[in-house]
Every structure is written in C-alpha cells, then in structure tokens.
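Visitor: Using the hints provided, position chain B relative to the given structure of chain A.
2 protein chains.
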Amino acid sequence: MSDQRVLRPAPVSGFPEWSPEIRSVEQRWLDHIRAGFERYGFASVETPSVENLDVLLAKGETSQEVYTLHRLQADPDDRSDARLGLHFDLTVPFARYVAQHFNDLTFPFKRYQMQRVWRGERPQEGRFREFTQCDIDVINVDQVPLHFDAELPRIAHEVLSGLDLPAWTLYVNNRKVLQGFYEGLGIADPVAVIRAVDKLHKIGADAVREILVERAGLTPEQAGRCLDLAAVKGADSASVVAEVTKLGVSSALLDQGLEELAFVLDSLADLPAGAVVADLSVARGLDYYTGTVYEAAFDDDPGYGSICAGGRYEDLAGQFIRRSLPGVGISIGLTRIFAKLVAEGRIAPGRSCPTDVLVVLPSAERRDDALRTAALLRGRGVNTEVYHQPAKLGKQIQYASRKGIPFVWFPPFEDGKGHEVKDMAGGDQTAADPASWLPPAPARD
Amino acid sequence: MSDQRVLRPAPVSGFPEWSPEIRSVEQRWLDHIRAGFERYGFASVETPSVENLDVLLAKGETSQEVYTLHRLQADPDDRSDARLGLHFDLTVPFARYVAQHFNDLTFPFKRYQMQRVWRGERPQEGRFREFTQCDIDVINVDQVPLHFDAELPRIAHEVLSGLDLPAWTLYVNNRKVLQGFYEGLGIADPVAVIRAVDKLHKIGADAVREILVERAGLTPEQAGRCLDLAAVKGADSASVVAEVTKLGVSSALLDQGLEELAFVLDSLADLPAGAVVADLSVARGLDYYTGTVYEAAFDDDPGYGSICAGGRYEDLAGQFIRRSLPGVGISIGLTRIFAKLVAEGRIAPGRSCPTDVLVVLPSAERRDDALRTAALLRGRGVNTEVYHQPAKLGKQIQYASRKGIPFVWFPPFEDGKGHEVKDMAGGDQTAADPASWLPPAPARD
Chain A
1 MSDQRVLRPA PVSGFPEWSP EIRSVEQRWL DHIRAGFERY GFASVETPSV
51 ENLDVLLAKG ETSQEVYTLH RLQADPDDRS DARLGLHFDL TVPFARYVAQ
101 HFNDLTFPFK RYQMQRVWRG ERPQEGRFRE FTQCDIDVIN VDQVPLHFDA
151 ELPRIAHEVL SGLDLPAWTL YVNNRKVLQG FYEGLGIADP VAVIRAVDKL
201 HKIGADAVRE ILVERAGLTP EQAGRCLDLA AVKGADSASV VAEVTKLGVS
251 SALLDQGLEE LAFVLDSLAD LPAGAVVADL SVARGLDYYT GTVYEAAFDD
301 DPGYGSICAG GRYEDLAGQF IRRSLPGVGI SIGLTRIFAK LVAEGRIAPG
351 RSCPTDVLVV LPSAERRDDA LRTAALLRGR GVNTEVYHQP AKLGKQIQYA
401 SRKGIPFVWF PPFEDGKGHE VKDMAGGDQT AADPASWLPP APARD
Chain B
1 MSDQRVLRPA PVSGFPEWSP EIRSVEQRWL DHIRAGFERY GFASVETPSV
51 ENLDVLLAKG ETSQEVYTLH RLQADPDDRS DARLGLHFDL TVPFARYVAQ
101 HFNDLTFPFK RYQMQRVWRG ERPQEGRFRE FTQCDIDVIN VDQVPLHFDA
151 ELPRIAHEVL SGLDLPAWTL YVNNRKVLQG FYEGLGIADP VAVIRAVDKL
201 HKIGADAVRE ILVERAGLTP EQAGRCLDLA AVKGADSASV VAEVTKLGVS
251 SALLDQGLEE LAFVLDSLAD LPAGAVVADL SVARGLDYYT GTVYEAAFDD
301 DPGYGSICAG GRYEDLAGQF IRRSLPGVGI SIGLTRIFAK LVAEGRIAPG
351 RSCPTDVLVV LPSAERRDDA LRTAALLRGR GVNTEVYHQP AKLGKQIQYA
401 SRKGIPFVWF PPFEDGKGHE VKDMAGGDQT AADPASWLPP APARD
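Residue numbers (UniProt numbering), protein chains in the order written: chain A, 1 to 445; chain B, 1 to 445.
These are calculated hints, taken from the structure and not from any lab test.
Possibly wrong hints are sitting among the right ones.
To be verified - So, partial list: chain A residues that the calculated Cβ filter (under 10 Å) puts toward chain B:
1) L7
2) A10
3) E65
4) V66
5) L84
6) H101
7) P145
8) S161
9) S363
10) A374
This structure is a prediction, so every number in the text was calculated from the model and none was measured.
Even for Gly, the Cβ is constructed at its ideal location relative to N, Cα and C.
Isolated chain A, as found in the complex (with noise of 0.2 Å):
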C-alpha cells in the first residue's frame, strides 16, 4: 500500500460532517424536534433535493446561490440535466408540492419538512453550503386564520426550549405595519424601505437613514419616523400599539397590522417572560412576506443572525396553480444552530455507540450460546453487541470500556454456570437472566 498515492480525505469547507459522539446528539435533536412537529399535529412530507431552475428561479431574487446539476460524461448535445438544481430553501419545494398534489390534500395544509438545502456560497468560513433546516408550514386555500400565525412560534418556542440552548428571543413583527406606516407617510416605494431597514443591524441607524434618504428619495423627516418606528420594541401588545399610534402616523392597512401582531402577541402571553418580544425593525428582506414575520437569535450573539425564521406570505404557489394559497411558516436553522455550539464546544458529547450491551465471546466454541443470548437481550429492545471473535478477557472488557458502553455481559463459560452481568459504571457484577434482565432506564439513553 505504501507506493500507493494518498489522496487528503480533507473536508469540504462549508460541508458540516460530525464524530459518531456529535452526530448521536444531533440525532437526538432531530428526533425531539420531529416529535415537537408531529405533537401539534403536522404530517411529514419530504421533496426531492433537485427541482427544475424555473421553480426555483420563480422568485428570482436567489438566483445566485443555485447549485445546478451536470452529469460528468454528459454529451455536450444532451441538455436533460441543465434545467435541474439543488433547493436552497423548502419553501419553495413546499410551494410546488402543494400546487402538484393539490387534489390530494386536506385544507388547511400543515406539514413539517426536515431535510438538507444547499446554497452556492464561495466557499467561506462561517458559512455553510449545505445544512438542514427543519420547516413547519401551513397552507389554505384563498386565507389562512390568524390562529396560525400565533400557533407557529409557540411551537418553535416549545420545541427549542427542549434543546437546552442558550438564552435567545423571538422576534415578531408584521409587514402590514411597515408597509401601511410607510405609506401613511406618503412613500411612493416602501419595499425599498423594508429592504433598507432590514439592514438596521449590520450597518446602523445612521447608514439606513442615509441610504432612505439618498437612494429612497425619502425626506430626512420621513427618514426619521421610520427609524423611530424600528425602534420600537416590546413583549406588552397593548403598550406596542400606543407606542406606534404616539408617531402620528395612520392608515387602514397600519390599523390592521397592529391588530394581527396584537393578537400574535396576546396568544402567546403565557409563554416565559420574554420569550417573544415585538420588533419592529424585523422587516425579512425576501419580498415575499406580507404579514406577520419571525426571527429568532442568541441573546448573547444578536450579530450571529437569525436562528429561525419565518413569516406569512399570500401568494407562494400563485405561480404554480391559479387558486389563491397564501400560508405562514417557520424555519429552525438546525445546523445554523448546532454546528455553532458545536464550535463552540457548548455540545456535550453523547454516546460514540447506541449499545446497552457487549456479550463476551467465552470461546468459538461458545459463540452460538453467546448469539443466543444476544439475540434474547435483543428481543426485548435492548441494544447488544457480541465481541467478534474469541479474545482475552480484559481485551474484550477494554473494548466495551472504550466505546462507552454500560454494560457487559458474560455468558456461561462452562456448562452448568449461569449468566452474569457487569455495570461498568459502578463496577458490580451479578447474576442475571438474559430472558428477563434490562438495564436501568437512565442507561438508556
């Protein structure tokens, strides 16, 4: 093997690949987080990785973070690969399923999607060019009830409250807030000015204020309330809205606005103080959004960005199908998330293997009563490896040892001699019976 070129297995920058011990936690997460989907009822659905660019391109605004498809020996001539590409969301995949099984749906629609997206980043740190988000929206034919507007974060909430996180905050706003106070101040553009203010965080107030004044054509006047609006935040819906009507601002679609986030607002009161906070300078840069939106971030790493997102949009599938299927969901960026605290060795490791129990292999002679005792420790659910091949007592106790596993088991060495089990934690070794004996429920983990 040693004249043999070796190539560097080096791992693909912005490709997040984990140990067995990592992987077993994200495992655990993905699992906690399906279960939290699946609690408030919303059926799994999974879409292919690849769907034609003019799906994907339909927003246009991303374009130029597609993957797209090319087969290596491809004929030049043969075109049938060049219109695929990876999605870089499940929004629109969802979109598309809609549309596609429409007939086959019930309405309202409620579905979660966990499943890996990839965006053509130049390769970067910090960025990730493939990463699972974890996605539950609801669609409905013609309108979509508020209900569900409320009903979305506190299911983010609840399950994120699971995953042991740092402390971190949802956001909430509404575009029909930016959008009809904007217009109540005579902007002929407002999308230009959600555009801008979206940006409030990265770059500050007074480059917003400048870039709404000189690329907006707003007046530093108009430029200022917007600002004064952004700057308005709060958990109290009651204290939110006056602190708007204070700006003197008015228009119907404002009212309307401030009436939704009220309600978002007030349904989630009972959520842990804090927990949900009124933003008003979330603005969601896609343009899709149009009523309530969503972003959460680490309260000790605001700049980090968002950790989950989401909003309420009207017309996602109108280009698929010619009804009208507005909906709303919410996006937990898992690998956003955990890759993070991975970095930042905030995950404690979990076990590097999902065994309960080693049998000891006594002898070849012995393997088929070793099997046999695997197989009874199996039947009842208990994870059981048997050492592969005769060895060394303390050879096969140091395996077990090394893989972290809990318990070892030994067979009958001779005829006429019973079982026996081992806690490695505690040391003590007992008689046991494999038709009956389990381990303790902490071990299992």
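Guide: Structure of chain B alone, referenced to chain A:
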C-alpha cells in the same frame, strides 16, 4: 392571479416524491430500519451529500454516474466548485470518513448510514436519480473478523422481515471461491470471468459462454466449468461444498473461500428455511469486493435486481490513509424496494397526519380554553390540533373525518359544563378529563 403565467408543477423523473399518507409509511420504515441497526450496536454516521471529485472517482468505474455541482452565477474564472460531486453511494464517503476521523474512532468501527444518494442517469422510466440507501459497514484495522460476514446478512434479514415485504431471498457467495476456482482452472484473468458471470441472469448461459470464449480467451472446456460452478446453489453448507468439490478443481484460495462461505451459511442456519441461500453465480460486478458477497432479490421478480447487496472489501480506504482498513458492508435499497411496492399498490397508505385528537374551537371567546385543553393533552404525548377558527361544529368534525383524526375533543361550550371526547371510529361520545385521558394504544400508531 389569472393574468400570471402558470408553471406546470411537474414531478422530475427519477426523483421520487410521496403523498403524506405514503410518506408516513416510509418514515415508519426508516425508523424501523434505524432501530434494527442500533439493536446491533451500529452507530449513526452522516456525511455531506458532496465529496471532492477525486474522492468519488478514485475507483474510476462509476464515473459516468456522478452529478457535479456548479454555481448558477459563478464567475467563469472561478473553479472553486468544479471539483465537487454528489455521492453515488455511501461506501466511498464512509471510507473517506474513516480515514479522516481515524484517530477519533474505536475499531472495529460499526456504523450505519441512511442517506440519499444520486446517480446521473439519463431520465428513463424506473431509473432513480435520487434515492435513499440504508447501509451498515464494519471497518477494522488490518483484518475484519469473519463474524461480521455472518452478522450483516442477519441484521438485513431481521430488518427487512419486519417490513412485510413480498417473499425475497438473500443470496451469498464468496469472491475467493470464484477467483480460486478460475485460478485452479489456469485462467489468467479471473476478473474478466467474474464480470461475464455477473451478467448470467441478464443474458443467459449461452451468451456468457460466448463472452468467456470469444473475449476472455477461455477454452470451451474452461468456460463450461465456470458455468457449472455458477449453477451451484443451496442453503446447506456441506452440500454446496460437496458440489463444488465434485467439479474437480482445487486451489488454496478456493478452499479458503469455501470455508468462509460455509461459516456464513452455518452461522445463519437458525434463520427460516430458504432465507439465505448460497448462489455461486452471484459475482457483484464492482471490482472492490474480495470475499463474501451478498445480493437479495424478490422471489416473484428476480429481474428487478438487487434490493439489498454488499460484501467484503480489502482496501477501500487505502487511497486515503497508509493503513490497511478492510471492511464488510451491506446496503438496503430503501427507495428501490419502497417505490416498487408503492407503484404496485402494495403499500397500504398510512395516516395523512399524526394527529390523535382534534380539539373543537367552540367560539373565539373560548379559544384559551381550547388551547389549554390541547396543552394538557400534548403534555402527556398526545398529538393534538386545535381547530383553527370558530366554525360550525359539523364543519370541524368533518375536518377531523377527512384527515382521519381518530378522536374529537369537546371542551366545555359554557361555564359549568364538562369535557367530552368522541371516538370517530365507534361514534361514542363520553365525558373525559383532559388532565388524564389517553387514547387507547392501537389508535396511536
């Protein structure tokens, strides 16, 4: 919306996608397979969907099937993505993973990996371009105990037996038997013979004979004996060895291969009759197998190809690391099996949503009551929806019925009244306490 161009939301051929009812069955399958793998102590690993092309192409043979990635808006001069391809199996990424994480793993390293893989096939009926595989492999330093050659098909058998599949058989062979036999016959290029014999079931004995004589340069006598060997088949190790021995060829490698094959058959003799059969025509075309090989097929549709396959390899990680890291693995073709059964109508659709209980929303005023009721139920693990808006009772019950939700819960419609729950299957409606009620076990599937 009517003036908009409507994109037909068509499925992309070769990229399967399921309705929620079918997806829920697929998820159950995946959970079942994962639990089966963990029962034997295999640890979860996931690798990125992408590898460097030189990793994917190190083995050469499958290069025409690789999808490469390109950024849609990449600068023509930017070659940073040009060397990335989607993995076409899980074995090559796993070999790279083991080499890369070598110092952090405990050997023998036993992992399972359940992920999507991609093959850049031309779009064509019945060919998947994206599909999920469920692999288990054991890799060890220097040598892998034969124990695992028998354990892997046992796990595959146990896992697939729990999925209510049409009858299928796992065929076992050993490349040393083939190579040793061909060498014993004085054939210079045994690999050419293996490739030809691998086509036996597709093209028939006469065509294979012709290839062996015309192209591989065998004498008709040698070709005949190769075909005689390929005809040997049986579940009993002693008879299989006897039949091969009767063909009058001998070599040390052949003897070793027969001994290994017999060990595998004997170790699995406790499985149901006919579950595992030695079939000396099984060759597995890929040239990295060096010992035991596996291939499973449906009894009523053997031509559909292998639903589960694998074998022992000596040097798959050899291009990444200057250590000898042999392994043995088996791969369940989840999508291959599942999609066939879906297409044939042999998968009974599951629930369209995981909801156990729909809590009726009596009126906007009683929303908090309904939410509290649901929270109590969810707190005990009952998957619960609250109806999303005040509506006529009949409409709410109809929604539960259409979605197949087994229970409808009536919180008090006015003060002083109690809770009731309706069993949608039986029609009974009874008083119930949201703080203690649980659905009967079978309804929670």
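Visitor: Checking hints one by one. Is L84 (chain A) an interface residue toward chain B, by the C-beta closer than 10 Å rule?
Guide: At about 7 Å, which falls below the 10 Å cut-off, the nearest Cβ of chain B leaves the hint on L84 (chain A) intact, so it holds.
Visitor: Going by Cβ atoms only, is A10 (chain A) closer than 10 Å to chain B?
Guide: Nearest chain B Cβ about 7 Å off; hint holds.
Visitor: Against chain B, with CB atoms and a cut of 10 Å, does the hint on P145 (chain A) hold up?
Guide: For P145 (chain A), the interface hint holds, since the closest Cβ of chain B sits about 4 Å away, which is under 10 Å.
Visitor: With 10 Å as the cut and Cβ atoms as the points, is E65 (chain A) at the interface with chain B?
Guide: holds, 8 Å
Visitor: May I ask you to test the interface hint for A374 (chain A) with respect to chain B, counting a Cβ-Cβ separation under 10 Å as satisfied?
Guide: holds, 9 Å
Visitor: Should the interface hint for S161 (chain A) be scored as holding, given a Cβ-Cβ cut-off of 10 Å against chain B?
Guide: At 13 Å from the nearest chain B Cβ, S161 (chain A) fails the 10 Å test, so the hint is violated.
Visitor: Next item in the hint list is V66 (chain A). Is there a CB on chain B closer than 10 Å to its CB?
Guide: holds, 4 Å
Visitor: Would you check whether H101 (chain A) satisfies its interface hint, that is, whether its CB is within less than 10 Å of any CB in chain B?
Guide: The hint holds - H101 (chain A) has a Cβ within 10 Å of chain B, the shortest such distance being about 6 Å.
Visitor: Holds or violated: is the Cβ of L7 (chain A) closer than 10 Å to a Cβ in chain B?
Guide: holds, 5 Å
Visitor: Tell me if S363 (chain A) is really an interface residue toward chain B, meaning its C-beta lies closer than 10 Å to one of theirs.
Guide: Violated: closest Cβ of chain B sits about 13 Å from S363 (chain A), beyond 10 Å.
Against the hints set out earlier in the document, violations occur for numbers 8 and 9.
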